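With the hints as a guide, dock the two chains, each given alone in a separate frame, to form the complex.
Here the protein sequences line up with chains D and P, keeping their order. The letter at position 109 of the first sequence is residue 109 when you use this note's numbering, and the numbering goes up by one with no holes. The letter at position 50 of the second sequence is residue 163 when you use this note's numbering, and the numbering goes up by one with no holes.
Everything labelled a hint here was simulated from the structure, so no lab data went into it.
No more than 20 angstroms apart at the CA atoms, straight line, and that leaves these computed lysine to any residue pairs for SDA-like:
hint	chain 1	residue 1	chain 2	residue 2
1	P	K149	D	P39
2	D	K13	D	E75
3	D	K57	P	N144
4	P	K149	D	T5
5	P	K149	D	Q41
6	P	K149	D	G40
7	D	K57	P	Q116
8	P	K164	D	G100
9	P	K149	D	T101
10	P	K149	D	Q37
Source: prediction; values computed, not measured.
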Amino acid sequence: KAGVTQTPRYLIKTRGQQVTLSCSPISGHRSVSWYQQTPGQGLQFLFEYFSETQRNKGNFPGRFSGRQFSNSRSEMNVSTLELGDSALYLCASSLDLHGGTQYFGPGTRLTVL
Amino acid sequence: GQQVMQIPQYQHVQEGEDFTTYCNSSTTLSNIQWYKQRPGGHPVFLIQLVKSGEVKKQKRLTFQFGEAKKNSSLHITATQTTDVGTYFCAGRGTGNQFYFGTGTSLTVIP
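Pulled out of the complex, with its shape left as it was, chain P reads as follows (with noise of 0.2 angstroms):
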């Protein structure tokens, strides 16, 4: 069946490095979303991309979805505490599912 994978599992920064989560499908996605779980939390929205090759700004964050549609970039520049929690991307692909990537969790040490 599909997978959606994601790397690094765990990744852990000192304040102020950056940070960087790949998103790898065995297919091709309609859009690509990415969402942040705080400890304890439930997942929350970040962004969307529907085109291919398509890059988004927040702040810190650049988001990046591939010219193929099938592989997703997350990086924060300048890491902060509050940056803790677990990155998923999720998107549309057979079927017209929504799969969920596995996930880094990200660590930050002040």
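Pulled out of the complex, with its shape left as it was, chain D reads as follows (with noise of 0.2 angstroms):
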């Protein structure tokens, strides 16, 4: 089986410009979760889907939003972006809600100047 792809790998953006980021997970999985990881903040929870539905959000402005697809890919959107938005943007798919193992894909490294 494939693993989660995340597009595009990297990305340089200026102030105040926005983005999209994509996320295909495992062929079968129907959860999907986004994190954002910085040096100084770790690891942090940025919303999580299942059947086209958010079905958990963490505590980020409202210009982080995200999508689900039927076909369980996912998008996510930063608008309005910031120099501290510059991070790693994780996705993570699992088979069903709340449940096992996170399958993390390999990231998409956002720049912004």
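Printed below as a string of structure tokens:
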């Protein structure tokens, strides 16, 4: 089985722009979660999707949003980028909601200038 | 808000020495998972513990979930250079959110 894929792998944007990141989960996995990883804050939970519905949301401003499609693929969007949004954005898929192993993708490294 | 802290933040050991990282949550967790992230890589699942007081072993790694389901530990016996990386605990807590610990970065000196 192919693993979790994320595109793009690297992205450079400037302040004020917006960005869309994509995540394709492992085939058959219905739950997708997004995390932001920075040296200072560690791994922070952004949101979790299951069956095209957002089931959980972390403590991030409304500039961060996401969605999940019927094929379980997910996208997250960050609008009005700030310097502090520079981070590694990780997507993880799991078979079901609240269940078991999360398989992480390689991440998207976002740099905001 | 809920916090999951790990200590130590950094640990340098000589190859062959043992290593332990401790994970403490401010609230009860429904389960605890452990992940390893190599430098430049992404977190990779190691194990999940669900029951209070549960202990699981994977070769040289021993994982423990506390009786109150608020703390956990990972112990590595006789570390090897391949053990290098950051170890994270994670679990579901308040609001069913998934919380990651602050991580322990392990360096193994050959």
